[in-house]
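**Student:** Each chain is listed here by its residues.
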Amino acid sequence: MWKNIYDQTEANWNDAIQESLKQESFSKGMGETLNHYLQYQELTKETTESYLKQVNIPTRGELADVASLVINLEGKLDDLDDKFDEELSKLDATKEISQLRKSVSNLEKKLDKVLEALEVIGKEKPVGTVKEEKKV
Amino acid sequence: MNAFNRRNKMGYSNVKDVEKWMETMPADVKVGFERIKRMTDVLTNEPEPEVGQTPKEVIWTKNKAKLYRYQPAIKKTNSVPILMIYALINKPYILDLTPGNSLIEHLTNQGHDVYLLDWGTAGYEDRYMKLDDYILDYIPRAVKKVLQTSEAKEISLLGYCMGGTMTSIFAALHPELPIRNLVFMTSPFDFSDAGLYTNWLDKRYFNLNKLVDTLGMIPHNMIDYGNKLLNPIANFYGPYVSLADRADNEEFVNNWKLMQKWLNDGIPFPGEAYRQWIGEFYQENKLINDELYVRGQKVELSKITANLLNIAGKHDVIASPNQVEPLNAKVSSKDKTFHLTDTGHVSVVVGRRAINHTYPLIDKWLAEHSTD
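In the order they appear, the protein sequences are chains A and B.
Residue numbering for the first sequence follows the working numbering, starting at 10 and increasing by one per position.
Residue numbering for the second sequence follows the working numbering, starting at 35 and increasing by one per position.
For reference, chain A alone in the conformation it holds in the complex (with noise of 0.2 Å):
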């Protein structure tokens, strides 16, 4: 039963809520209240920022900064690392290159001994000739 209520007070509720969130008024309010919460967080800031540096403490910026450094170095090593994988790539389809390269001139070479062989028993023995030495 309270969930039908609680699902007709929201009903009926919402269109009007609805509408005020809609108005100038509102967006207006809002801004204010914001500057206002951001003027007093300056201040906090401010004040605290003061104390840590009389008190010889690191701020959080400063405690931020450091962590940029390494960040930044981290950066440079992405960079580092990204333009040694782009280098042995290349390095890797150039050795691939070559090794095919020298397995098909090796191989071209074979041919043309095969090719040589073949000419040379085709002139030195008849047909014949071979026929009657697989006989045997």
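There's no promise every hint is true.
Stated by the list, open to error - So the derived label-pair ranges between C-beta atoms look like this:
(1) B:Glu91 to A:Ile106: 26 to 36 Å
(2) A:Lys104 to B:Lys98: 54 to 64 Å
(3) B:Leu297 to A:Glu33: 23 to 33 Å
(4) B:Asn79 to A:Ile26: 27 to 37 Å
Worth flagging that the hints you see were computed from the coordinates, not collected in a lab.
Even for Gly, the Cβ is constructed at its ideal location relative to N, Cα and C.
Since the structure of chain A is provided, determine the placement of chain B on it from the hints.
**Tutor:** Okay, now just chain B, sitting in the frame of chain A:
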């Protein structure tokens, strides 16, 4: 505490007395008592549920960002890998919430090679990070790593919410990259009418520069408060009313816990990126009007030629369909689809409708658009 335990051992406690008393009550009163008891347990005692359980490996990191590859052991039948790019708001485990309710798990089980770029939790040292840095320094490197790891020639990119907006900028700036498919889920592109946000972020009242200069990092609570204010009663009280009403439904309680964990597990937004996001998008609507410059380069959405699946949620009040759809008219893609689902901003990716509709839709579309 010890006294309480001793009393329990002796078989006497107020709770037991109340329970005995409840046994004499009518059935509906008993059910109501059980629900309140369960709700109290959920809100006070029970541990947070586990999320992001799909097996994954980290293949690249930069600053706080991590690039994950999911279920590397499963055979990949789709040769075009998918890189998911998440927003700078909230954590990306909404894409892998829990087994059986996870877009990532579903896609990997269907043979897709899924990667996720998780931005991590930005610290105060990241307050000067701009959208330019994320779009031009992180995403291109992640794309390269994905292509290397999967040994693929082409890639599909999937952006959720603001991650989709960032992805569209990236794709527009890199027409030379082999981006075959683009999937966007509830990503805003046109900010001419962003609903209540347009009123609240009005330049005359919303002191954006003062906010960023003062805070450096924009706290999650501030962004979350703005989102909840879109529908205050339903967002602030609704979840507790629903829990009280359905606390005896185990499946509902589990899903409720998962959603509440995600909603309250926000991350701060780097100040400079926030200044751009609110200023250049919400206040000046530069992207859709070809007026946006990223690190000096003009962003023209018409340079996008990849196949496009652009999904919007009918009930989405964070990125309403009228903010999502205009992308389709801008891009030069020959194959482009705008799809309106019967969901909201989050239910597009988790929950029953997502499981039954969004997951098969994305899987089927990607499979069809990944073969020659």
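**Student:** Could you tell me whether the CB distance from leucine 297 of chain B to glutamate 33 of chain A stays inside 23 to 33 Å?
**Tutor:** 29 Å, holds
**Student:** Verify the CB-CB distance for asparagine 79 of chain B and isoleucine 26 of chain A against the hinted window 27 to 37 Å.
**Tutor:** With Cβ atoms ~34 Å apart, the hint holds.
**Student:** Taking the Cβ atom of glutamate 91 of chain B and the Cβ atom of isoleucine 106 of chain A, is their distance within the range 26 to 36 Å?
**Tutor:** Holds, since glutamate 91 of chain B and isoleucine 106 of chain A (Cβ atoms, about 32 Å apart) stay within the stated range.
**Student:** Please test the hint of 54 to 64 Å on the beta carbon pair from lysine 104 of chain A and lysine 98 of chain B.
**Tutor:** 37 Å, violated
Hint check: a violation occurs at hint 2 only; the rest are consistent with the structure.
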